[in-house]
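S.K.: Sequence:
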Amino acid sequence: MVTVLLASKSLTNYYTDKYIGMQKSINTVGMIGLGYIGLPTAAIIASRGIQVIGIDVNQHAVDTINKGAVHIVEPDLDIVVRSVVTTGNLRATTTPEPADAFLVAVPTPFNDDRTPDLSYIKSAAMALAPVLEKGNLVVLESTSPVGTTERLADWLAAERPDLSFPQSAGAAADVQIAYCPERVLPGQVLQELVNNDRVIGGMTSHCAERASELYRIFVKGECIVTSARTAELCKLTENAYRDVNIAFANEMSLVCDPLGVNVWELIELANRHPRVNILTPGPGVGGHCIAIDPWFIVDSAPELARLIRTAREVNDSKPEHVVRKVLERADRFKTPRIACFGLSFKANIDDLRESPALHIVLRLAEEGIGKLLIVEPNIDELPKSLADNSAVTLVSANEALKDADIVLGLVDHTEFKTLDHTSLNETVVIDTRGMWR
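If you're matching positions, the sequence shown starts at 586 in my numbering and goes up one per residue.
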């Protein structure tokens, strides 16, 4: 654990072990996007003595970072950001500035029809293009459909006809373009940015090698070089694999309900087989990766990605199954008070993106069946989608348990798993995470 190291050496030093053989050609890095991936990456690179210019359209995020603070929840990130801002190695702005290398870590959501929305990447390209110089490296980190890196290169080339790019000049291009997806776990981002292997795909082998030089500045894991398209599909494949396995667990929970079988016990017993490792079910799948990325594969090969599509449909349907269970239980109360434990998409973070828990709470609010008591220890205020509803209140766990008729467990935050089970005895309990068994 990082906290154990604090007694013997500072946290910042832990993340700033000297990199032997660092390429001197990269002295400044521009990080476009200062969210859950961009800010930790910028901070880690800055801790290596590189000058990092963080770029984000969110003025609040920029101002917060320049004060040495953070606008997102990630363990220990505030300590590292404070250190590198204090030393002058990291500063934030809303406008791109010249640098030796640029990393692009912006959102890649999908449209209402589940086709990829690349507008954020295109906007980043339009903002970046004016400051590009000969010798620059541009690396896309955003999880993207296959071929997006090439589209980024085309957008840049259209804006800067005075520079050459790999699609036309190959290894001799003025600007090198590559793709390197993040593969970190929220809550452990700082450690995993340093220790995990990275798959680095270049539009040419020279592009990949240039990008590998950059990542070796801060990555202790192996930097594996491949093509841009392979790297793009590798990231999507990793998340689709996890989605399919989660879908199996979620489907088994659906099967167990009408059969009167405890799915948690069933999975524990099945996993005693030496070659079986079933995941645990939940209220659905959330986050900006697993809930979205498989659709990029489906969009690329709609007639072939049948299993991936089905897994997405199973996981996307799970929140509505939970809503139906709550509505059934609520029928016995005139005006039920429902305590909803958790809004984030996974445990111990504040990230609400694509959260099935949030979706469930929104649906219950739409139904108008009673009062919703929201317990989410990682946020200070309700999201806008809930804040204006007078029937929805953000409360402490104790307040919720004191007043609730129904307790709905949606996220297995550490605080929730340690609740005194006797406090649940007088309520109807719907536990989608198996944390109160």
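No lab work stands behind these hints: they were computed from the structure. In this text the structure is predicted, and so the values were computed from the model without any measurement. Heads up, a few of these hints could be off.
[To be verified] In the BS3-like style, the derived pairs of lysine-lysine whose C-alpha atoms are separated by at most 30 Å in a straight line are: (1) Lys805 <-> Lys919; (2) Lys910 <-> Lys969; (3) Lys956 <-> Lys969; (4) Lys987 <-> Lys910; (5) Lys969 <-> Lys652; (6) Lys910 <-> Lys805.
S.K.: It remains to establish, for every hint, whether it holds in the given structure.
M.R.: Evaluation of the provided hints:
no. : hint              : verdict
1   : Lys805 <-> Lys919 : violated (59 Å)
2   : Lys910 <-> Lys969 : holds (26 Å)
3   : Lys956 <-> Lys969 : holds (17 Å)
4   : Lys987 <-> Lys910 : holds (22 Å)
5   : Lys969 <-> Lys652 : holds (26 Å)
6   : Lys910 <-> Lys805 : violated (47 Å)
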